[in-house]
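Please model the complete structure; the sequences and the hints are all you need to start from.
Protein sequence lines, in the order shown, are assigned to chains A and B.
If you're matching positions, the first sequence starts at 47 in the numbering used here and goes up one per residue.
If you're matching positions, the second sequence starts at 47 in the numbering used here and goes up one per residue.
Keep in mind that the hints were calculated from the coordinates and are not lab data.
Don't take every hint at face value.
No distinction is drawn between identical chains; accordingly, a pair holds when it is met within one copy or between any pair of copies.
Result set (EDC-like, lysine to aspartate or glutamate): computed pairs, CA atoms no more than 20 Å apart in a straight line [claimed, not checked]:
1. Lys303 / Asp358
2. Lys231 / Asp53
3. Lys218 / Asp358
4. Lys276 / Asp292
5. Lys135 / Asp65
6. Lys215 / Asp358
7. Lys67 / Glu375
8. Lys218 / Asp176
9. Lys52 / Glu242
10. Lys371 / Asp222
11. Lys371 / Glu49
2 protein chains.
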Amino acid sequence: MHELRKDPLLGRWVAVVSDSKSPDDYRFPTEETKETSCVLCPGREEETPPEIVAVREGDKWWTRVIPNFRPILHVEGDLGRKGLGMYDKMNSVGANEIIIDSPEHNRQPEDMGVEQVLRIIRLYRDRVADLEKDQRLRYILIFKNSGKGAGAAYSHPHSEVMATPIIPKLIKEELDGAKQYYAYKERCIFCDIMREELRVGERVIFETRDFFIFSPFAPKFPFESWIVPKRHGCAFQDITDSEMEDLSLMLFTVLKKMRRVLGDSPYNYVIHTAPNRIPRRNHWHTLGDDFHWHIEIMPRLVMMSGFEWGSDFYVLTTSPEDAAKYLREA
Amino acid sequence: MHELRKDPLLGRWVAVVSDSKSPDDYRFPTEETKETSCVLCPGREEETPPEIVAVREGDKWWTRVIPNFRPILHVEGDLGRKGLGMYDKMNSVGANEIIIDSPEHNRQPEDMGVEQVLRIIRLYRDRVADLEKDQRLRYILIFKNSGKGAGAAYSHPHSEVMATPIIPKLIKEELDGAKQYYAYKERCIFCDIMREELRVGERVIFETRDFFIFSPFAPKFPFESWIVPKRHGCAFQDITDSEMEDLSLMLFTVLKKMRRVLGDSPYNYVIHTAPNRIPRRNHWHTLGDDFHWHIEIMPRLVMMSGFEWGSDFYVLTTSPEDAAKYLREA
Numbered sequence: 047m048h049e050l051r052k053d054p055l056l057g058r059w060v061a062v063v064s065d066s067k068s069p070d071d072y073r074f075p076t077e078e079t080k081e082t083s084c085v086l087c088p089g090r091e092e093e094t095p096p097e098i099v100a101v102r103e104g105d106k107w108w109t110r111v112i113p114n115f116r117p118i119l120h121v122e123g124d125l126g127r128k129g130l131g132m133y134d135k136m137n138s139v140g141a142n143e144i145i146i147d148s149p150e151h152n153r154q155p156e157d158m159g160v161e162q163v164l165r166i167i168r169l170y171r172d173r174v175a176d177l178e179k180d181q182r183l184r185y186i187l188i189f190k191n192s193g194k195g196a197g198a199a200y201s202h203p204h205s206e207v208m209a210t211p212i213i214p215k216l217i218k219e220e221l222d223g224a225k226q227y228y229a230y231k232e233r234c235i236f237c238d239i240m241r242e243e244l245r246v247g248e249r250v251i252f253e254t255r256d257f258f259i260f261s262p263f264a265p266k267f268p269f270e271s272w273i274v275p276k277r278h279g280c281a282f283q284d285i286t287d288s289e290m291e292d293l294s295l296m297l298f299t300v301l302k303k304m305r306r307v308l309g310d311s312p313y314n315y316v317i318h319t320a321p322n323r324i325p326r327r328n329h330w331h332t333l334g335d336d337f338h339w340h341i342e343i344m345p346r347l348v349m350m351s352g353f354e355w356g357s358d359f360y361v362l363t364t365s366p367e368d369a370a371k372y373l374r375e376a
Numbered sequence: 047m048h049e050l051r052k053d054p055l056l057g058r059w060v061a062v063v064s065d066s067k068s069p070d071d072y073r074f075p076t077e078e079t080k081e082t083s084c085v086l087c088p089g090r091e092e093e094t095p096p097e098i099v100a101v102r103e104g105d106k107w108w109t110r111v112i113p114n115f116r117p118i119l120h121v122e123g124d125l126g127r128k129g130l131g132m133y134d135k136m137n138s139v140g141a142n143e144i145i146i147d148s149p150e151h152n153r154q155p156e157d158m159g160v161e162q163v164l165r166i167i168r169l170y171r172d173r174v175a176d177l178e179k180d181q182r183l184r185y186i187l188i189f190k191n192s193g194k195g196a197g198a199a200y201s202h203p204h205s206e207v208m209a210t211p212i213i214p215k216l217i218k219e220e221l222d223g224a225k226q227y228y229a230y231k232e233r234c235i236f237c238d239i240m241r242e243e244l245r246v247g248e249r250v251i252f253e254t255r256d257f258f259i260f261s262p263f264a265p266k267f268p269f270e271s272w273i274v275p276k277r278h279g280c281a282f283q284d285i286t287d288s289e290m291e292d293l294s295l296m297l298f299t300v301l302k303k304m305r306r307v308l309g310d311s312p313y314n315y316v317i318h319t320a321p322n323r324i325p326r327r328n329h330w331h332t333l334g335d336d337f338h339w340h341i342e343i344m345p346r347l348v349m350m351s352g353f354e355w356g357s358d359f360y361v362l363t364t365s366p367e368d369a370a371k372y373l374r375e376a
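This is the structure in structure tokens:
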């Protein structure tokens, strides 16, 4: 079985697979399946792992959720936390699912209309709400890889779900950062950022009724954009029906704008929500007050070098102000 | 002028250039200079920014250090730390240099012999020792990008120096992690890791008289390898002449081994040393006791996806034990 290991210096968890790739697997990857034989396309449903849930209309499906073909995390088993000499490890318990975003291989959900984007967002919400019931799981990460340069394993439009028994390091850092700010200011940092960005204006991309999108002041990637709900809330899965409709409109619009400005460049997006098992509706100060769920969209236009990987310091070759202007005007 | 900005949530600094690239600059990059006209090759010395230092023998040079053609950080000016609304920024003060590793365009230093690797390591030491005198600079990062897939801007063998007025986030995290361990154990975590790895043996790649190289227990990249000096010390620039000779032998050997195992795959390496202005020779407990300089070598075999970028959680498709075995036996 795969295992999870903790880096003793940084406290970062990683997954180590039990069936190692050989050096040649990286140098000479096996021929990829041709576009004509995509296993995520309609007609090959029996070749995928057993479907978890789907949105159907008659005998046609609009979206499907299936377990990953080669999952890194497995639903069975206990956590099995233990030491190994001076190190720490645990079993790779969790879930690893693929959301097929569109029945059409060559058509992105946003090209199918707002309704299709809404179907996907509803599925995101349902998967988080379902998986958070599992007491062993601490975090549920929804993300999308679009394009080979963004690490996509399939060219068919899809998103992924990773439910982990630990809180990933970057999430923990965001929670800690937001908590520190709250301790100092007694206000949510995301609510403050939203107010500041609206006051200044130059990094705002646009607004809808319930959501706000902007270029962050100091992001990692050129053209990185964050979607933030106007109503304060730490958990994505608490989104209302009417907010989901509004979010579909926003995501639909920004993905179209990005394509107009950046062409078919690869991109990722990720939903950052609160960890599981957080008392969200407590009267006392809890995480619910200081964290604010959001979506980070990361166009993958530049190749990171040893500088970025060796320091976690990034060079923005397009300023957030200029990026926002291009996207606003698109 | 470019500026440095601080992410208010994570405390991470980034550099924002003043002359933004347009979206088309990413989509349709300008034709690259042909191999026959490399500006880092001998014969075109007058076209580079004025040389900082070089290793010469007669009228032939072995290595040259020049300022970056388009530096992100500039030597002139004061730090200019200031607030901007709720955000923080400062001037992009620092240094950004290119070390030309070899006079030969198509020959890596390790193919020229141990002597050439030693010339480069001496230059690394000299640049750090020189730049650390500048009181405005807090950190000096030496790194190498080899291959386009590792973010290399030139195909000519080269390394880079980035001297920054802040401590980059990843370095700060390593310092903090090592300090926490020291506070708990009263021992250096790197010294402990070295002892543990020698005891277990399965992640050891090899040893020389003064250095040790192994696959870390929970790294970011498959085949990532760390070189650690056996003598405890926090600052790379305190390396002795005899240790530099031994390090050349180690670096020469491991780069050869990596090529035998991974072919011409792109890679980065980075030297993690203590920040500047640290009282290194104090009697009381100082950073000198808990940090331990080292070199991290990162082969770039896999494309990172939204999962890694959105969570700082990594999937190792080759276990560190198997990676060490391949490299040990190469």
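To see whether the hints hold, each was checked on the structure:
For the homomeric pair Lys303 and Asp358, neither the shortest alpha-carbon distance inside one copy (29 Å) nor that between copies (28 Å) is at most 20 Å. With identical chains, the CA atoms of Lys231 and Asp53 are at most 20 Å apart between copies only, with a shortest distance of 17 Å across copies and 33 Å within one. Taking the closest pair of Cα atoms, Lys218 and Asp358 come within 20 Å of each other both inside a single copy (16 Å) and across two copies (10 Å). Taking the shortest Cα distances, Lys276 and Asp292 sit within 20 Å of each other inside one copy (11 Å), while across copies they are farther apart (59 Å).
With identical chains, the CA atoms of Lys135 and Asp65 are at most 20 Å apart within one copy only, with a shortest distance of 17 Å there and 46 Å across copies. For a Cα distance limit of 20 Å, the shortest separation of Lys215 from Asp358 qualifies both inside one copy, at 13 Å, and across copies, at 6 Å. Taking CA atoms no more than 20 Å apart as the test, Lys67 paired with Glu375 passes between copies only; the shortest distance there is 16 Å, against 46 Å inside one copy. When the C-alpha separation of Lys218 and Asp176 is checked against a cutoff of 20 Å, the pair qualifies neither within a copy, at 22 Å, nor between copies, at 38 Å.
For the homomeric pair Lys52 and Glu242, the shortest alpha-carbon distance between copies (15 Å) is at most 20 Å, but the shortest distance inside one copy (38 Å) is not. For the identical chains of this complex, Lys371 and Asp222 are neighbours neither inside a copy (31 Å) nor across copies (39 Å), given an alpha-carbon limit of 20 Å. Proximity of Lys371 to Glu49 under the C-alpha cut-off of 20 Å is restricted to the inter-copy arrangement: shortest distance 19 Å between copies versus 45 Å within a copy.
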